[in-house]
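Engineer: Protein chains in written order, with this note's numbering: chain X, 1 to 228; chain P, 1001 to 1080.
Any given hint could turn out to be false.
As the list claims (entries may be wrong) - In silico BS3-like pairs for lysine-lysine, Cα to Cα no more than 27 Å straight-line:
no.	chain 1	residue 1	chain 2	residue 2
1	X	2	X	222
2	X	185	X	122
3	P	1055	X	109
4	X	73	P	1041
5	X	73	P	1024
Claimed, not checked - Footprint (simulated), chain X over chain P, 3 or more residues, beta carbon under 8 Å:
no.	segment
6	1012 to 1022
7	1048 to 1056
Calculated from the structure, these hints are not laboratory results.
These numbers were taken from a predicted model, which means no experiment stands behind them.
Here a beta-carbon is modelled for each residue, glycine too, at the ideal position from N, C-alpha and C.
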Amino acid sequence: MKFAVIQFPGSNCDFDLLWAIRDVMGAEAEFVWHDETSLSGFDGVLIPGGFSYGDYLRCGAIASFANIMPEIKRLAAEGKPVFGTCNGFQILVEAGLLPGVLIRNDSLKFVSKWQTLNVRNKQTKFTTEYAENEVINLPIAHGEGKYVADEATLAELKANNQIIFTYENGNPNGSVDNIAGIINKEGNVLGMMPHPERAMEDLLGGSDGAKLFASVLKNFVKVEEVNA
Amino acid sequence: MTKATVYVTYKESILDPQGQAVQKAASKLGYDKVYKIRIGKYFEIEGTGSAEELKTQVEALSNELLANPNMETYRVEVQD
């Protein structure tokens, strides 16, 4: 599996994400600049956190029209894994790859802390290594992480088990139904506000994020295997 | 109730990187008639008293708080 870690102007968790997938998990991965127009040869896309384009206009709005986006959409349509954390999640919703939107935290404050989460659905390719309803700890760090969607969208998310992570022991941003991460209907595009890439080793405070990447590596297949 | 609206924009001489970034995105999307975007702020204010009284206060407020006169200009509109 070869992963593209997309870099936008203002991405600041790009190195963490590359380190998580390449150095900790041992997968092939490299940076791809947002201005590139091809993702050929890549088996998956990882979109890091940060402040793409300085959060101008709305978080993720300008990045969602970057030159690389049509290729990210192509991989998503082909069923390859597309993962966005924090600003990456905001970019995925602005790009229409995931429903809903992320708005300013209820507190109007930037929240940076470890947060307990509940793994609501372990039947996805991103979560098989977790136990059902496993309670995990991941860092969060965001000012605009309140997930909202209209009634119909929420009903659909619930009906299809697309709510993958919810906040436990308090809701840090006012997200509807405590939503921390959702997946698309097809099950290959995941967006979440918490940062699994910052929880890869106990030495750094926790390793609950590693199971997410382990699930991806286990459940998605390489380009060559698909073509073979 | 009297209503005032305040539009705060950068002075022409001030660089607006946010506006420029949005303009670039618009141009990438093919909006070729759009060549300049500048982003400002818009305030909806409700108050009491006559239009004139409110306007005097809102102008002072704009000058003191809503805008930074060093780099921004503002325009106040009041409706009774």
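Engineer: For every hint, state whether the structure bears it out.
Structural biologist: Hint check:
no. : hint           : verdict
1   : X:2 - X:222    : holds (8 Å)
2   : X:185 - X:122  : holds (15 Å)
3   : P:1055 - X:109 : violated (32 Å)
4   : X:73 - P:1041  : violated (33 Å)
5   : X:73 - P:1024  : holds (21 Å)
6   : 1012 to 1022   : holds (count 4)
7   : 1048 to 1056   : violated (count 0)
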